[in-house]
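Chains Z and B supply the protein sequences, listed in that same order. Just so you know, we're using UniProt numbering here: the first sequence kicks off at 1 and counts up by one. Just so you know, we're using UniProt numbering here: the second sequence kicks off at 1 and counts up by one.
No lab work stands behind these hints: they were computed from the structure. Errors might be hidden in some of the hints.
[Unchecked claim] From chain B, some residues computed to sit far from chain Z (all C-beta separations above 12 Å):
| id | residue |
| --- | --- |
| 1 | Thr22 |
| 2 | Thr100 |
| 3 | Thr191 |
| 4 | Ser204 |
| 5 | Pro217 |
| 6 | Asn223 |
[Unchecked claim] Think about it this way: if two alpha-carbon atoms lie no more than 27 Å apart in a straight line, the pair counts; the simulated DSS-like pairs of lysine-lysine are:
| id | chain 1 | residue 1 | chain 2 | residue 2 |
| --- | --- | --- | --- | --- |
| 7 | Z | Lys297 | B | Lys321 |
| 8 | B | Lys92 | Z | Lys177 |
| 9 | B | Lys236 | B | Lys26 |
| 10 | Z | Lys242 | B | Lys281 |
| 11 | B | Lys321 | B | Lys301 |
| 12 | B | Lys274 | Z | Lys177 |
| 13 | Z | Lys149 | B | Lys92 |
| 14 | B | Lys26 | B | Lys301 |
| 15 | B | Lys159 | B | Lys169 |
| 16 | Z | Lys125 | Z | Lys52 |
| 17 | Z | Lys242 | B | Lys274 |
| 18 | B | Lys324 | Z | Lys297 |
| 19 | Z | Lys125 | Z | Lys86 |
| 20 | Z | Lys43 | Z | Lys242 |
| 21 | Z | Lys77 | Z | Lys297 |
| 22 | B | Lys92 | B | Lys236 |
| 23 | Z | Lys142 | Z | Lys128 |
| 24 | Z | Lys75 | Z | Lys128 |
| 25 | Z | Lys132 | Z | Lys101 |
| 26 | B | Lys92 | Z | Lys128 |
| 27 | B | Lys261 | B | Lys301 |
| 28 | Z | Lys101 | Z | Lys125 |
| 29 | B | Lys92 | Z | Lys142 |
| 30 | B | Lys92 | Z | Lys132 |
[Said to hold, decoys possible] Chain Z regions said to be covered by chain B (calculated; three or more residues, Cβ under 8 Å):
| id | segment |
| --- | --- |
| 31 | 63-69 |
| 32 | 249-262 |
Think of the CB as a built atom: it goes at the ideal place given N, C-alpha and C, for glycine as much as any other residue.
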Amino acid sequence: MTESICRALRDGALEGEHAPALTIKDSIASPFGFDVFVHVLFKLASNILAGKYQSRGLVLIAFHHSPSFYVDLLKRKGVDFASSHKWIQILDCYTDPLGWKDGLGECGSGPKLLLEASYKTCLCKNVKDVEKLFSTVIELGKGLVGQSKDRFCVAIDSLSEMLRYASVSSVAGFLSKLRSQDQVSSIFWLLRSDLHEVRVTSAFEYMSSIVASLNPFNQCTNGHKGSWKSLSLLEQNSTRGKIFARFKRRNGRVRVACEEFHVEQSGINLASFSSEDGKSNQSLLPKLQFNLRLSEKERVDRAKVVLPFEHQGNGRPIEIYDGRRPHEDIKCEAAPISTGKSQTNEESSKGEIIYFRDSDDEMPDSDEDPDDDLDI
Amino acid sequence: MAATKSRTSSFSRNFSALSSQTPGLKHGPNGTTFISSGIPDLDRILGGGFSLGSLVMVMEDSEAPHHMLLLRNFMSQGLVHSQSLLYASPSKDPRGFLGTLPSPASSSKDDKSYNSDPDQEKGLRIAWQYKKYFGENQQNFESRKDGKHEFCNDFDLRKPLERQYLSGKNIECVSFQDSPNLVALRDRCGTFLSQFLRSDETTSSAGRVAIQSLCAPQCEHSNMEWDILSFVRSLKGMVRSSNAVTMMTFPPSILSPSTSKRLQHMADTLLSVKAIPDEDKELANLLTGYQDMVGLLSVHKVARINTQVPVILDATTYSIKLQKRRFLILECLNQAPIDGSSGISYSTSGSCSGSSKPGSLDF
Numbered sequence: 001m002t003e004s005i006c007r008a009l010r011d012g013a014l015e016g017e018h019a020p021a022l023t024i025k026d027s028i029a030s031p032f033g034f035d036v037f038v039h040v041l042f043k044l045a046s047n048i049l050a051g052k053y054q055s056r057g058l059v060l061i062a063f064h065h066s067p068s069f070y071v072d073l074l075k076r077k078g079v080d081f082a083s084s085h086k087w088i089q090i091l092d093c094y095t096d097p098l099g100w101k102d103g104l105g106e107c108g109s110g111p112k113l114l115l116e117a118s119y120k121t122c123l124c125k126n127v128k129d130v131e132k133l134f135s136t137v138i139e140l141g142k143g144l145v146g147q148s149k150d151r152f153c154v155a156i157d158s159l160s161e162m163l164r165y166a167s168v169s170s171v172a173g174f175l176s177k178l179r180s181q182d183q184v185s186s187i188f189w190l191l192r193s194d195l196h197e198v199r200v201t202s203a204f205e206y207m208s209s210i211v212a213s214l215n216p217f218n219q220c221t222n223g224h225k226g227s228w229k230s231l232s233l234l235e236q237n238s239t240r241g242k243i244f245a246r247f248k249r250r251n252g253r254v255r256v257a258c259e260e261f262h263v264e265q266s267g268i269n270l271a272s273f274s275s276e277d278g279k280s281n282q283s284l285l286p287k288l289q290f291n292l293r294l295s296e297k298e299r300v301d302r303a304k305v306v307l308p309f310e311h312q313g314n315g316r317p318i319e320i321y322d323g324r325r326p327h328e329d330i331k332c333e334a335a336p337i338s339t340g341k342s343q344t345n346e347e348s349s350k351g352e353i354i355y356f357r358d359s360d361d362e363m364p365d366s367d368e369d370p371d372d373d374l375d376i
Numbered sequence: 001m002a003a004t005k006s007r008t009s010s011f012s013r014n015f016s017a018l019s020s021q022t023p024g025l026k027h028g029p030n031g032t033t034f035i036s037s038g039i040p041d042l043d044r045i046l047g048g049g050f051s052l053g054s055l056v057m058v059m060e061d062s063e064a065p066h067h068m069l070l071l072r073n074f075m076s077q078g079l080v081h082s083q084s085l086l087y088a089s090p091s092k093d094p095r096g097f098l099g100t101l102p103s104p105a106s107s108s109k110d111d112k113s114y115n116s117d118p119d120q121e122k123g124l125r126i127a128w129q130y131k132k133y134f135g136e137n138q139q140n141f142e143s144r145k146d147g148k149h150e151f152c153n154d155f156d157l158r159k160p161l162e163r164q165y166l167s168g169k170n171i172e173c174v175s176f177q178d179s180p181n182l183v184a185l186r187d188r189c190g191t192f193l194s195q196f197l198r199s200d201e202t203t204s205s206a207g208r209v210a211i212q213s214l215c216a217p218q219c220e221h222s223n224m225e226w227d228i229l230s231f232v233r234s235l236k237g238m239v240r241s242s243n244a245v246t247m248m249t250f251p252p253s254i255l256s257p258s259t260s261k262r263l264q265h266m267a268d269t270l271l272s273v274k275a276i277p278d279e280d281k282e283l284a285n286l287l288t289g290y291q292d293m294v295g296l297l298s299v300h301k302v303a304r305i306n307t308q309v310p311v312i313l314d315a316t317t318y319s320i321k322l323q324k325r326r327f328l329i330l331e332c333l334n335q336a337p338i339d340g341s342s343g344i345s346y347s348t349s350g351s352c353s354g355s356s357k358p359g360s361l362d363f
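Next up, chain Z with everything else stripped away, as it sits in the complex (with noise of 0.2 Å):
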């Protein structure tokens, strides 16, 4: 499943649609989120290297670690740095969001910042000027896939962090921006749900296509702590946990899929499982009734019983058919609405009924026909 997500990442937008979007929703009682972010970033670097898909360059935009920890992460994971300044560029607002170290002048500054040759990084020295922000993002996509038709990918280290300096509004202002731009091609971030109201954390999801959310592997409802067994279960969370993911689709339906995963020294493990899906849809659903309407077909249908003792009366003389002898050639009309139809029967005279008088005593009145009315 979360081969999904990232190859949804990886096909990105079509002509004239937002670009995907990713959030990666966390929370104390499942912390994992980093790490299911580093392997997404992971995944799409090696799409990106791989060169066969949509997204040609990758913005990093770190606020929670520098720079040189997520070039570590990645070469630890294999991924080759050599060329890195023409498909990856990374804005790092972590060493110094807020310009504090202008501020102290020359004597407070720590060791300048080494350019090094193999990635190239941007510092950025007010997070809190969001339309500066997008601006310089723009710039460096740009600059990694030139001004062809290529595009690239947005990620963000973490969004907690961003709403730190800006307001929802503007942060959400920013996403919306980015995804609406021709050239970004897919955007992912992750989200520490707990750290902010339910309201800012639904708007995001709001603006997304993608959510995963991650929920502890084993839901501890028991109060007592201390047990042996509520033990373990914590144990087991504290590496293990649930991805449920849910991705908006094009025609309108929400996908629900759900993975476990396994967290470990060199990283994550995923796999996948049933997930016996809890909640029953019968929520979404009022009460239901039986469908007491016709379709289209069993109105034509219903149209074409030939009812017995059904006048014709369209002027052709008048034959009865009383139920009693199958059909043998029935032509209907084409035409089904129309209630005139003109139908021909075969009176063969096969069937024949034999009456035995039960008694001579019975009135001869009672041998009458009771259809006698009927004029033919």
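Given the coordinates of chain Z, assemble chain B onto it according to the supplied hints.
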């Protein structure tokens, strides 16, 4: 049909011939006038359409864009009937959205065969000799009228609206993403609605206001909740005294629960759309027609102007389907037959219906 029966009293107003002059307007009960929502099924469910002077609110689902379908049909219907339109949205270029409006379906007779059935069903098929004494009911359905003169068109979502409708001077577009508050939007709505002030003369033209995603998170006013409420309140007052209908969509999940509830109470007609999960076996077993459904529409409130009598609907939740992937239809939710696996499914068990030879009927 889940049609609501409107109570007609023995008093009736003297109506001038409204329908022939203005195709987009229709008389409703209690002295109201209806305009169409653009979706024939929705008009039927609401008892005629949207009343002039009402505020229609659609609660969005953050996971599905179905509110856009409702908005598009609403806007297209207004343009086809040459009604003025004001469209406000949080995007930078609202005019671009006008290019996605659907066009009325070209009249083709076979598409409409199901429409003629309500009249058809009224005629009983009489298996009795006296039927010959009834006149032969020749039901000549008129050939489809020209699309312009119908109250409600069926819109083909795959065909864009012709340019002639979009180039008129009666369309205004507003973007409210960058404005710091809602004052500018309110002023624009005010000037637009002042063109349609209600007077004692017969209504000759109507206006439509479409506001998309009022409190979208990228707008600055999205956390100014009291400002949103006072804007909607003043908009409702302006709409009530004019010959216009406002359709507004908003995402309730972005707002606090109390603000969302307050907004819902302000609506005259309240609808909500909901997404359905994809490839859900449980739902597929539970509902007929799950494959064609794209979402669910719920009707929470229907506008009742000039009357105290509420509307009680047979069903409040409908499935949104795209018929032939083009036409928006709303259907009642029906439960699938429980014994679907036993070989005789509901659709084929025609019992006595037979297009070919039926079995011998023995009495």
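Hint by hint, here is what the structure shows:
Non-interface status of Thr22 (chain B) relative to chain Z is upheld: no Cβ of that chain comes within 12 Å, the nearest being about 32 Å off. With a minimum CB-CB distance of about 10 Å to chain Z, Thr100 (chain B) fails to clear the 12 Å threshold, and the non-interface call is violated. Every C-beta of chain Z lies more than 12 Å from that of Thr191 (chain B), the closest at about 26 Å, which supports listing it as non-interface. With 12 Å as the threshold on Cβ separation, the claim that Ser204 (chain B) sits away from chain Z holds: the shortest Cβ distance comes to roughly 38 Å.
Non-interface status of Pro217 (chain B) relative to chain Z is broken: a Cβ of that chain comes within 12 Å, the nearest being about 4 Å off. At roughly 7 Å from the closest C-beta of chain Z, the C-beta of Asn223 (chain B) falls inside 12 Å, breaking its exclusion from the interface. With a CA separation close to 19 Å, the supplied pair Lys297 (chain Z) and Lys321 (chain B) stays within the 27 Å bound. With a C-alpha separation of about 9 Å, the suggested pair Lys92 (chain B) and Lys177 (chain Z) falls inside the 27 Å cut-off, and the hint holds.
Proximity of Lys236 (chain B) to Lys26 (chain B) is assessed by CA-CA distance (about 22 Å); at most 27 Å being required, the pair is judged to hold. Restraint check for Lys242 (chain Z) and Lys281 (chain B): satisfied, since their Cα atoms lie roughly 22 Å apart, inside the 27 Å limit. As the CA atoms of Lys321 (chain B) and Lys301 (chain B) are separated by approximately 22 Å, the hinted pair is consistent with the 27 Å bound. Distance check on the hinted pair: Lys274 (chain B) and Lys177 (chain Z) sit about 26 Å apart at the alpha-carbon level, within 27 Å; holds.
Annotation: proposed proximity of Lys149 (chain Z) to Lys92 (chain B) holds, straight-line Cα distance about 22 Å (limit 27 Å). Restraint check for Lys26 (chain B) and Lys301 (chain B): the C-alpha separation of about 21 Å stays at or below 27 Å, so the hint holds. Pair hint Lys159 (chain B) plus Lys169 (chain B) holds up; C-alpha atoms about 22 Å apart against a cutoff of 27 Å. Annotation: proposed proximity of Lys125 (chain Z) to Lys52 (chain Z) is violated, straight-line Cα distance about 35 Å (limit 27 Å).
A distance of roughly 26 Å separates the Cα atoms of Lys242 (chain Z) and Lys274 (chain B); the hinted pair therefore holds under the 27 Å criterion. This hinted pair checks out: Lys324 (chain B) and Lys297 (chain Z) have alpha carbons roughly 16 Å apart, not beyond 27 Å. Using a Cα cut-off of 27 Å, the hinted pair Lys125 (chain Z) and Lys86 (chain Z) holds, with the two alpha carbons roughly 24 Å apart. At most 27 Å may separate the alpha-carbon atoms for a hinted pair to count; Lys43 (chain Z) and Lys242 (chain Z) meet this at roughly 19 Å.
Among the hinted pairs, Lys77 (chain Z) with Lys297 (chain Z) is inconsistent with the structure: their alpha-carbon atoms are about 61 Å apart, more than 27 Å. Only pairs whose Cα atoms come within 27 Å are accepted, and Lys92 (chain B) paired with Lys236 (chain B) is accepted, the gap being roughly 25 Å. A distance of roughly 23 Å separates the Cα atoms of Lys142 (chain Z) and Lys128 (chain Z); the hinted pair therefore holds under the 27 Å criterion. Among the hinted pairs, Lys75 (chain Z) with Lys128 (chain Z) is inconsistent with the structure: their alpha-carbon atoms are about 31 Å apart, more than 27 Å.
Distance hint between Lys132 (chain Z) and Lys101 (chain Z) is fulfilled; the C-alpha atoms sit about 19 Å from each other, no more than 27 Å. A C-alpha spacing of about 22 Å is found between Lys92 (chain B) and Lys128 (chain Z), which places the hinted pair at or below 27 Å, so the restraint holds. A threshold of 27 Å between alpha carbons decides the hint, and for Lys261 (chain B) with Lys301 (chain B) the separation of about 13 Å falls inside it, so the pair holds. Between Lys101 (chain Z) and Lys125 (chain Z), the direct Cα distance comes to roughly 9 Å. Compliance with the 27 Å bound is thereby established for this hinted pair.
Pair hint Lys92 (chain B) plus Lys142 (chain Z) holds up; C-alpha atoms about 22 Å apart against a cutoff of 27 Å. With a C-alpha separation of about 18 Å, the suggested pairing of Lys92 (chain B) with Lys132 (chain Z) holds against the 27 Å cut-off. Under a criterion of three residues with beta carbons nearer than 8 Å to beta carbons of chain B, the stated coverage of the segment 63-69 of chain Z fails, only 0 such residues being counted. As drawn, the segment 249-262 of chain Z meets chain B at 7 residues by the rule of a beta-carbon pair under 8 Å; at three or more, the given contact holds.
In the structure shown, a violation is registered for the earlier hints numbered 2, 5, 6, 16, 21, 24, 31, in ascending order.
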